[in-house]
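Note that the protein sequences, when read in sequence, are chains A and B.
For the first sequence, position 134 matches number 134 in the numbering used here, and the numbering has no gaps at all.
For the second sequence, position 94 matches number 94 in the numbering used here, and the numbering has no gaps at all.
None of these hints come from the bench; they were simulated from the model.
Predicted model, so just to flag it, every value in this text is computed and none were measured.
All C-beta atoms in this analysis are idealised placements derived from N, C-alpha and C, irrespective of residue type, glycine included.
Fair warning: there could be bad hints in the mix.
Distance condition first, Cα-Cα at most 30 Å in a straight line; then the derived DSBU-like pairs of lysine-lysine [what the hints assert, rightly or not]: (1) A:320 / A:51; (2) A:320 / A:281; (3) B:64 / A:248; (4) A:51 / A:281; (5) B:95 / B:64; (6) B:64 / A:2.
A short, non-exhaustive set of chain B residues, derived as facing chain A with CB atoms under 7 Å [unchecked claim]: (7) 151; (8) 153; (9) 255.
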Amino acid sequence: MKTDLVVIGRGAVSPAGVGLDALLRREPVPVLVPAPGDPLRPRPVLRVDLKDPAFTRWEREPRLRRASPMSLFLIEAAEQALAGIGPADRAATGLIVAFSAGCVGYSRRFFETIVTQGQKMASPALFPETVFNSPVSHVASVLGLNGAAYSLVGDESAWIAALKTAYVWLRLERVKQVLVLGAEEFDPVILDAYRSAHWLRHQPCANRFLASEGAAGILVRLRGGYHSPGLGPTISRACDGLIYRSRKEAAAAADRLCRESDPELPAYPTAGRNWLGPLEKRFAENRPAVRDETRPYLGEAFTASAAWHTLRALAALNPKQPRLLLPVWGLNHQLGWLELEN
Amino acid sequence: MSHRVVVTGLGAVTPLGEDFPSSWRALIAGRDADAPLTLFDTAGCRCHRAASAALPPLPGLSAKAASRLARASRLAIPAAREALAGAGLLDSAGKSTLRNLTFSVSTTAGGMAFGEDFIRRVLARDRTHLFSRVSRYLPHQQVLDLQQALGFEGHSVILANACASGANAIGHAADLISTGAAEIVLTGGFEALTELVFVGFDCLQATTAERCRPFDLNRSGLLLGEAAAFLVLESDTHAQRRGAQPLCALTGYGHTTDFFHLTQPQPDGAVLVDVMRRATTQAGINPEQIGYINAHGTATPVNDGTEATAYSTFLNGALGITRISSTKAAIGHTLGAAGAVEALFAIETLRTGHLPPQLNLHTPIPEIAPALVAPGEPLREAQHVMSVNLGFGGSNAALVFSRNRAS
């Protein structure tokens, strides 16, 4: 689907640090965390440092006092992407956030209390924060974004759905611009989930799959639209819907991705160390190579990863490389791709 | 650019029935599904009742395969199948005749019961069956269940805007069609009762141990429910081309965010009024042209007070002409499915002229007392109906359905 979304703002929070520069250049350092179901074998994971002043500055906001770490990641990434956008324009800004697991930390804590201490001890302060929509509500409220707001759910491909939705809102002139974000947070219970999926099988350190967390986002307007900012880096197409239920079906979906996407475009690598990596390697074999220095590995954080990859690929656009294909390797639902151009 | 959007298929599984016609008949007859909750233990809760649905059989699926599905999928698959059948899009094998079918769907908890079981096993250091639990609790797994059971693929979007999600999913489907991004969309919502969510509402003291009494001065809280409801939306040109008979048109969609509080609406109802005005403006109508509003009406003290104030402001002189009821007293609050089920009830009101009565009403809120539907009351001649939803986080949405011009 043609999208023609001109990117006018960017923001990122990742284990590499806060901001775009960290996302592009800094190597994050893993920490060891035990899984609740396997406490004797700590696993390396990539965490965001919540003591960073970029997050502690939000503690004064009444809406954010009890908010999940993911809400803090989101609001910081959103604020970066909205830099230079005044209150009047913010009021005309739509907000779409893509999640996979949502507020997994609070959800785990809330249900763990029910299991270990009984239903009577369930916390009314925690429950509202377990809802997918809560972080979006916090961001909209604190940053004054009273255009439309959606919370979308899925694997990495929810990022594509979010971009397509932004395009539809802009076509309908429902808002002047749309802030599109992806966010995930880490909780140790995620390690039990990944372990059960065999995603944490022992591999050499340089190739190890690492659970991660963070957020990233872009502020977009419609190219050629009423509020068009003129030329700029653009997400010109967004395609998805290559669904799969098994590794065999995933391979077939990857073949379709290969057939249906533009073969002349260099494909920016994104699957890296996850189980879809070998499919991506095969997919990229007959395509032009990407001119981009190797970026540090940021771990796997579903929709946040998709957003990080988009920011990195946008940064790789240049006069010698004016167009790129960004495959989106959804880890448990579907594959898709974006086309980016300068 | 703007394509007219029509509705060509409806399907639902609710606590009142295993399909939409039986659910509708029971609703109009004034029945409710309030009953003791037996799906999980509620011994430590204040409340022990909910509106549970009976799971319809799934033809073509073995008992073993059905047992692997989340309860949410067990509700959603028959409802979606009914909607496709109604739209003439189901083949003899029970699969969609369209291989590529855009899907816009809502839920708030997905297959949460599997997630709960996963946590229980992890806490007990039980390593068995972990993958089968964790891999099926995420909402996109229910989407895959639907896509596989009904034989379609293509662009899908899962909206999780809390209790307004169902209306958002339908509105988004209409947006996709009106901009030409899709010609036909299967849309709706699903929700299954789960312990985490039930205990969550219970600990917030949002549920009631008494009868659920929307818009009653003595209301004391909501009744949780579960359901799935789906619609087939398409452009009128697409429907004409394939000879489908529209049931009605979707003419207006408004949505916005209320900043007031994470779990409470702005008391003066101004945000909700704005949402309804956006919907009627898009539909090109005035409030007095709306014959019926299916209200959110959760029966919590805060929600219904705000909603009543909003309707009073929005309808102004039309209050009493436009009829209002909340069907949550009958089927409970079905969260991510609410906006979809209630949209279907609004559509059927328009089609049949029967109004869903406001159950359990003894002392109506004065602001909207003249507007609340009495049992057996018929719909006056009207061209338009509205469905309104509010959710955690301040999500507000309103949909306007209109008689199809050609019908």
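Is the Cα-Cα distance between residue 64 of chain B and residue 248 of chain A 30 Å or less? Given that 30 Å is the threshold and the Cα spacing comes to 22 Å, the pair holds.
Check the hint pairing residue 51 of chain A with residue 281 of chain A against an upper bound of 30 Å on the C-alpha distance. violated, 38 Å
Tell me if the interface restraint on residue 255 of chain B is satisfied: Cβ within less than 7 Å of some Cβ in chain A. Hint holds; residue 255 of chain B Cβ to chain A Cβ min 5 Å, cut 7 Å.
Taken at face value, is the distance from the CA of residue 51 of chain A to the CA of residue 320 of chain A at most 30 Å? violated, 40 Å
Hey, residue 64 of chain B versus residue 2 of chain A, does the alpha-carbon distance stay inside 30 Å? Cα-Cα ~42 Å, so violated.
Mind checking the CB of residue 153 of chain B against every CB in chain A and telling me if the closest is under 7 Å? holds, 5 Å
Hint check: is the beta carbon of residue 151 of chain B less than 7 Å from a beta carbon of chain A? Violated, because the Cβ-Cβ distance from residue 151 of chain B to chain A comes to roughly 12 Å (cut-off 7 Å).
Does residue 281 of chain A lie within 30 Å of residue 320 of chain A when you go C-alpha to C-alpha? holds, 23 Å
Pair hint residue 95 of chain B and residue 64 of chain B, alpha-carbon separation not exceeding 30 Å: holds, 20 Å
Of the numbered hints stated above, those contradicted by the structure are hints 1, 4, 6, 7, listed in ascending order.
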